[in-house]
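So the protein sequences, as listed, match chains X and D. Take the first sequence: its position 216, counted from the start at 1, is 584 in this note's numbering, and no numbers get skipped. Take the second sequence: its position 220, counted from the start at 1, is 588 in this note's numbering, and no numbers get skipped.
Treat each hint with caution, since some may be false.
From the structure, some residues in chain X lie toward chain D, with a derived Cβ separation under 10 Å [as the list claims (entries may be wrong)]:
| no. | residue |
| --- | --- |
| 1 | A408 |
| 2 | P424 |
| 3 | P568 |
| 4 | A570 |
| 5 | T605 |
| 6 | G608 |
| 7 | A637 |
| 8 | L641 |
| 9 | S650 |
| 10 | L666 |
| 11 | A680 |
Quick caveat, the hints were computed from the structure, so don't treat them as lab data. From a predicted model like this one, the values you see are computed outputs, not experimental measurements. Ideal Cβ positions, reconstructed from N, Cα and C, are used throughout, including at glycine.
Here is how the chains run, residue by residue.
Protein chains: 2
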Amino acid sequence: MLRVMAALIQELMAGQTRALARALTLAENGDAQLLAELDAHNATAPQPRRIGVTGPPGAGKSTLVSALVKHLRINGATRVGVVAVDPSSPFGGGALLGDRLRMSEHALDPGVFVRSMAARGHFGGLAAGCEDTCELLALAGYDPVIVETVGVGQSEVEIAGVADTTVVVLTPSAGDSVQALKAGIMEIADVVLINKADKPGADRLAEDVKEGLELRAHPPAGQPMWQPPILQAVATTGQGIDALAQALQSHATFMADHKLLAATRRKRAQARLLDLAAAALSQALQGPGALGDRFAQLRAQVEQGQIAPRAAVALLLQTLGK
Amino acid sequence: MLRVMAALIQELMAGQTRALARALTLAENGDAQLLAELDAHNATAPQPRRIGVTGPPGAGKSTLVSALVKHLRINGATRVGVVAVDPSSPFGGGALLGDRLRMSEHALDPGVFVRSMAARGHFGGLAAGCEDTCELLALAGYDPVIVETVGVGQSEVEIAGVADTTVVVLTPSAGDSVQALKAGIMEIADVVLINKADKPGADRLAEDVKEGLELRAHPPAGQPMWQPPILQAVATTGQGIDALAQALQSHATFMADHKLLAATRRKRAQARLLDLAAAALSQALQGPGALGDRFAQLRAQVEQGQIAPRAAVALLLQTLGK
């Protein structure tokens with residue numbers, strides 16, 4: 369079986385789209401052999417640039433990503449991968465609707481691969497699943513890999529951790545100036561892009577964003593600070609996409625010049641290991657084995673009113689020798 | 369110290385708002401003694417009705433909740449509690465902005481208590497924090513407790529688990545019919561309320577919702593199925609709020625008649641125990657103690673490239689005797 373998986377990874381690395389699609393599905397189902405094989409290859413593989421695109425619903429992220437993909441393809445990128453993460457969608461991996469609706473203009477371009485991921489159906493959580501998907505695309509030679517996250521909330525901040533450069537997309541619609549300037553979003557932005565900039569209010573929003581960015585925490589003394597550019601674009605017409613691509617390049621250069629990329633990726637790897645471990649423990653709580661047995665026992669005691677929930681958790685930790 | 373906490377809980381149960389506010393802050397900071405005291409009292413306390421209100425941003429949830437609170441207060445509810453959960457807000461407990469902006473019309477009503485909760489600053493996660501807040505409000509005699517969740521995504525589905533009855537609020541604005549009819553939202557709806565029903569498209573949206581609801585999974589054979597009513601309202605004028613209150617009452621009666629409330633709450637308690645345990649384990653991974661030491665050791669091996677991430681996690685589980 370492991371040999372089958374090794375062969376699948378080889379086919380995928382040779383550029384066979386069908387092998388890539390199959391591997392992605394296996395990864396989403398938590399296939400242990402495929403994932404072990406992925407881990408083994410991934411340790412030595414070069415890592416492509418990862419660009420995150422996030423922002424509130426209706427900001428036109430998909431259209432923007434589509435325009436960016438077009439720009440990258442025209443300007444020399446051989447293979448561009450897109451991972452569209454929608455934590456609010458209940459559909460499972462390889463989501464039918466998403467892949468088809470999104471970026472239909474690239475449907476005939478073999479140099480573009482789009483994968484949609486939804487909240488459910490991801491063994492080990494969405495963040496871990498997104499990381500696996502990015503790594504498989506990397507092995508298949510896609511560079512850059514663009515991770516688009518739909519939705520607002522914690523998820524987008526977590527997902528931002530998978531990218532080297534994060535673009536926050538906003539629009540000058542009513543209410544956004546308050547909603548979007550939340551520190552959580554501002555903190556993750558490497559580039560702020562005001563989309564639909566032909567609508568009234570774009571300059572005002574740019575001012576608000578500028579003020580919001582000034583409130584960001586400063587890096588430790590001696591460390592260089594990146595100033596996120598605030599761009600305006602109209603993704604539907606392609607206006608401003610050149611400037612976006614340049615800003616992405618500038619950020620990549622800044623990261624490389626200051627040797628920040630390695631640190632970013634190391635932090636990402638650490639966060640991922642913690643995610644994987646936490647997910648495995650959470651699963652072990654509900655499964656067979658010593659930890660699951662002990663938890664089931666404590667849960668029965670809680671249900672019979674013999675012990676309070678938090679006291680049960682304390683006893684569980686004691687079991688672990690903590 | 370435990371005696372101080374016991375006294376605080378007594379003051380809170382005697383209706384002292386200041387004690388409640390203090391206890392909420394302590395709970396949000398993960399104060400172990402306060403939480404133990406809460407657990408002890410909560411086991412025997414009667415549980416108030418919990419109403420969840422959720423939906424996409426801009427649906428007018430806050431205005432709706434405000435109108436519902438007014439209706440409940442006029443119709444005999446002595447104390448109404450509101451927990452406003454905003455997973456996209458970075459502000460910590462007792463959020464300044466939220467409490468003030470929201471429901472300012474109830475600011476002078478001592479029978480209404482509003483607490484805002486944001487994504488960060490909650491020891492043990494937002495879902496666990498929301499549960500603690502609801503329980504403290506229950507001990508202080510607030511009934512019903514309304515949990516309003518702002519945002520889209522996984523969080524709202526999780527938060528829906530804290531309510532006995534969940535109202536999904538939608539609006540007839542463009543795009544919503546696709547965005548909002550996601551199965552994830554439809555599955556959690558006990559009542560669907562189309563707000564801003566004076567705008568064009570409300571009837572059309574109601575039709576879409578009806579179709580969406582027909583796709584829901586059926587309960588096991590023999591179990592009664594609740595048909596979520598689809599209501600229309602204009603929260604700003606109060607139109608349709610009577611009907612909403614009636615629908616909430618009908619659902620409560622249905623749950624009671626079919627003895628479903630106990631099962632719902634049991635399921636909620638189980639989910640909560642799992643949440644608490646998973647959060648504690650995740651924290652233990654990063655802390656001192658046997659589990660944290662082992663994890664730190666494995667992490668170092670991963671960073672030195674001696675072992676792949678998933679292999680490290682497998683070894684970690686072995687340590688636990690799984």
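Q: Tell me if P424 (chain X) is really an interface residue toward chain D, meaning its C-beta lies closer than 10 Å to one of theirs.
A: 7 Å, holds
Q.
Using the nearest Cβ pair, does S650 (chain X) come within less than 10 Å of chain D?
A. Status holds, d = 4 Å.
Q) Under the criterion of a CB-CB separation shorter than 10 Å, is G608 (chain X) in contact with chain D as hinted? A) It is violated, given that the least Cβ distance between G608 (chain X) and chain D is near 23 Å, above 10 Å.
Q: Against chain D, run the beta carbon of A637 (chain X) and see if the smallest gap drops under 10 Å.
A: 7 Å, holds
Q.
Given a cut of 10 Å on the nearest C-beta pair, is the interface hint for P568 (chain X) held or broken against chain D?
A. 18 Å, violated
Q.
Does T605 (chain X) hold up as a contact with chain D if the rule is Cβ-Cβ below 10 Å?
A. 20 Å, violated
Q) With a cut-off of 10 Å, does the beta carbon of A570 (chain X) approach a beta carbon of chain D closely enough for the hint to hold? A) 19 Å, violated
Q. Is the interface hint for A680 (chain X) satisfied, with its Cβ closer than 10 Å to some Cβ of chain D?
A. A680 (chain X) check passes; min Cβ-Cβ to chain D is 7 Å, inside 10 Å.
(Q) Under 10 Å is the threshold here; is the Cβ of L641 (chain X) close enough to any Cβ of chain D for the hint to stand? (A) This interface hint holds because 5 Å falls under the 10 Å limit.
(Q) Holds or violated: the hint that A408 (chain X) contacts chain D, with Cβ atoms closer than 10 Å. (A) 6 Å, holds
Q) Holds or violated: is there a CB of chain D closer than 10 Å to the CB of L666 (chain X)? A) 8 Å, holds
Of the numbered hints given earlier, the model fails hints 3, 4, 5, 6; all others are met.
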